[in-house]
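Novice: The hints should help you fit chains B and C onto chain A, whose structure is shown.
These protein sequence lines map, in sequence, to chains A, B and C. The opening position of the first sequence corresponds to residue -14 in our numbering, with each subsequent residue numbered one higher. The opening position of the second sequence corresponds to residue -14 in our numbering, with each subsequent residue numbered one higher. The opening position of the third sequence corresponds to residue -14 in our numbering, with each subsequent residue numbered one higher.
Because the hints were derived from the structure by calculation, they are not lab data. If a hint is listed, it holds; no wrong ones were tucked in.
Identical copies go unnamed one by one, so any copy, or any two together, can satisfy a pair.
Computed cross-link-like contacts, DSSO-like style, restricted to lysine-lysine with a CA-CA straight-line distance of at most 27 Å:
#1 Lys124 to Lys46
#2 Lys75 to Lys140
#3 Lys124 to Lys140
#4 Lys75 to Lys46
#5 Lys124 to Lys75
Bear in mind the structure is a predicted one, so any value in this text is a computation, not a measurement.
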Amino acid sequence: MPNAETLCRDLARIRAVAPLVHNITNFVVMNSTANALLALGASPVMAHAAEEVDEMTGIAKAVVINIGTLSAPWIEAMRMAVRSAAALGKPWVLDPVGAGASRVRTETSLALTRVAPPAVIRGNASEILALRGGEAGTKGVASIHASEAALGAAKALASAIGCVVSVSGEVDLITDGNALIRVANGHPLMPRVTGLGCAATAITGAFAAINPDPLEAAAHAMSIMGMAGEMAMEKAAGPGTLQLHFLDALYAISEADIARRLRMSAG
Amino acid sequence: MPNAETLCRDLARIRAVAPLVHNITNFVVMNSTANALLALGASPVMAHAAEEVDEMTGIAKAVVINIGTLSAPWIEAMRMAVRSAAALGKPWVLDPVGAGASRVRTETSLALTRVAPPAVIRGNASEILALRGGEAGTKGVASIHASEAALGAAKALASAIGCVVSVSGEVDLITDGNALIRVANGHPLMPRVTGLGCAATAITGAFAAINPDPLEAAAHAMSIMGMAGEMAMEKAAGPGTLQLHFLDALYAISEADIARRLRMSAG
Amino acid sequence: MPNAETLCRDLARIRAVAPLVHNITNFVVMNSTANALLALGASPVMAHAAEEVDEMTGIAKAVVINIGTLSAPWIEAMRMAVRSAAALGKPWVLDPVGAGASRVRTETSLALTRVAPPAVIRGNASEILALRGGEAGTKGVASIHASEAALGAAKALASAIGCVVSVSGEVDLITDGNALIRVANGHPLMPRVTGLGCAATAITGAFAAINPDPLEAAAHAMSIMGMAGEMAMEKAAGPGTLQLHFLDALYAISEADIARRLRMSAG
Chain A
-14 MPNAETLCRD
-4 LARIRAVAPL
6 VHNITNFVVM
16 NSTANALLAL
26 GASPVMAHAA
36 EEVDEMTGIA
46 KAVVINIGTL
56 SAPWIEAMRM
66 AVRSAAALGK
76 PWVLDPVGAG
86 ASRVRTETSL
96 ALTRVAPPAV
106 IRGNASEILA
116 LRGGEAGTKG
126 VASIHASEAA
136 LGAAKALASA
146 IGCVVSVSGE
156 VDLITDGNAL
166 IRVANGHPLM
176 PRVTGLGCAA
186 TAITGAFAAI
196 NPDPLEAAAH
206 AMSIMGMAGE
216 MAMEKAAGPG
226 TLQLHFLDAL
236 YAISEADIAR
246 RLRMSAG
Chain B
-14 MPNAETLCRD
-4 LARIRAVAPL
6 VHNITNFVVM
16 NSTANALLAL
26 GASPVMAHAA
36 EEVDEMTGIA
46 KAVVINIGTL
56 SAPWIEAMRM
66 AVRSAAALGK
76 PWVLDPVGAG
86 ASRVRTETSL
96 ALTRVAPPAV
106 IRGNASEILA
116 LRGGEAGTKG
126 VASIHASEAA
136 LGAAKALASA
146 IGCVVSVSGE
156 VDLITDGNAL
166 IRVANGHPLM
176 PRVTGLGCAA
186 TAITGAFAAI
196 NPDPLEAAAH
206 AMSIMGMAGE
216 MAMEKAAGPG
226 TLQLHFLDAL
236 YAISEADIAR
246 RLRMSAG
Chain C
-14 MPNAETLCRD
-4 LARIRAVAPL
6 VHNITNFVVM
16 NSTANALLAL
26 GASPVMAHAA
36 EEVDEMTGIA
46 KAVVINIGTL
56 SAPWIEAMRM
66 AVRSAAALGK
76 PWVLDPVGAG
86 ASRVRTETSL
96 ALTRVAPPAV
106 IRGNASEILA
116 LRGGEAGTKG
126 VASIHASEAA
136 LGAAKALASA
146 IGCVVSVSGE
156 VDLITDGNAL
166 IRVANGHPLM
176 PRVTGLGCAA
186 TAITGAFAAI
196 NPDPLEAAAH
206 AMSIMGMAGE
216 MAMEKAAGPG
226 TLQLHFLDAL
236 YAISEADIAR
246 RLRMSAG
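This is chain A alone, in the form it adopts within the complex (with noise of 0.2 Å):
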């Protein structure tokens, strides 16, 4: 059961060695993804051209693949990448984002599954609930459910793929098909802020990149981010200032932060 000791021996090795991170990720979000790992400690690489992905997932620690801004020449390269990251032994980590709310991005994130297993799906209730075939309404990108009412479909759908399945929402929920970790740590201001979700996603392959137990790493990134969101809370006056804070935060987070603060308990 990951906690505040695992948490905070991943984050210092985060910091120590400053993992790369290979991410194929979406428009909107690039630049807010690169800084959330930077300001972690990780280091971001972005590249998508067929000509480079291999070798990028090659010199990587962890691979992300993030759906958001989806077109036919991303995907096939987003397929090379996992192909690779299966091949190379290294983990990768899915966001299904706005599954559900068109076809491409349901069966894209399926479909990518079955090239190889990711370490990880980190999404939100709608998400996880259109990945396991239920119904297929998300509002756009946003969820219109709460995690509780993914909880099932979590679990079926870790089991089913065999990766840990991370469920963002006000009370994140991290299962691999038989255990279960709650962390009820964040903010409902988050939401407000474009890619909140997509960092908390990159940050799941930060831990992944340096620790192999998928449960631990995806818990301990939930963990990061909603505490880090906390923080910024602190000195926010809304969502633009949230989102700067929210990087200084996570730049700043100590030991002693952690053990005030974190929410993480099993079951």
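Specialist: Chains B and C alone, transformed into the frame defined by chain A:
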């Protein structure tokens, strides 16, 4: 005639229903546009793949097309989205970024209006002049004309296309060819932040999503933009901090702020 | 030899004429690059479509090419822009982001310099070493070398291509193969913000747009970057707030700030 009361009513509606706005926009502003819509209370989605444009337009309440970084596949996606929006009776809003600076921008903008007339065209004076066949000179994507210089062109364009034209500038001009509304809110530092014009267009889309009168929707959007800019400048020390406080102000702006600040007039 | 006086002269010129800088750059930094150019006083345009690249280069005063997120159509657009710039006698500036991390990045960078020599290549030490055929090792887009390690490569590259090479690092090195300028401004937190290197390149383009001496232009740009970073750190609490205060500082930096802070030296 729109006024503080109609604006407060529509803002409350946006905050209550969080209308989904489908954006096909440029790479430079995707993040800031999504954040502006979220801060206002709307729900953004960005999607440009031919495979999903129709589905996204189908679940959205309004479509925003911004030509700031064009290429052939994106132009085709824009045509599809406009066609879908028209077929479904949903409003679409055009931002002809850099019209006049290159032929493809001017011609694409006009061609899209012939697929189906937009509810609103929101541009700067140089762009509106270029769409009326005026002198091509823009300075890239910045205007070299005051908004008043485009008044005749705006009216003629609105009448010719059968839409509302919203010209941003020191004083914003909103016209349907007959009626004319002036909005004198805003701050001269705002053009020093990239993407605030694009945010104005997206916010016009959010107001059009919940108000069938495009003249009101456009006037409401330009007013909110200007007032949020003024509120942000009370905390900002330059264009960097302006950008963030602007989002905070969009989120926080109240009926009292609107009553005190609104500078909208007929004619 | 550039100095505070030549820098103040050129900064005043940029602020007076707002030169249009045409950028073909990567998806991660488009927004922050545009904002940096606007904050400095220049006028950015981003355009990558074959249909408009020549027109945009035609109205611009300088072209900036940044290979941070390459793909085949973008490489072709870059070639077109370089060819146009050369034909029109306009300076162009190259940022070889991640050269050494993949073959396509190294080869594209070198191929573009053979279309026409740039006024300036601005990269980190690992990238400059890679362009000289040195050890390929970069950590994605981050440098694993101090700038001094690339001094020899920078001089050789500058002589071989016939351009200025500007190596960013704790101390920036600017050389045309013979003359060498060191700029010791800046702050160690700056590499924790994505896109500040790319902003340095764009700002080099802005200075090159109004000063025909590329050695001066590059030295002026690196100095302004470093000093604005120092000023921003006096207000910032981490990489998030640094990013915004940096833009405010670019906008606000005065002759007095420059006189007091500049740490530029020959040799």
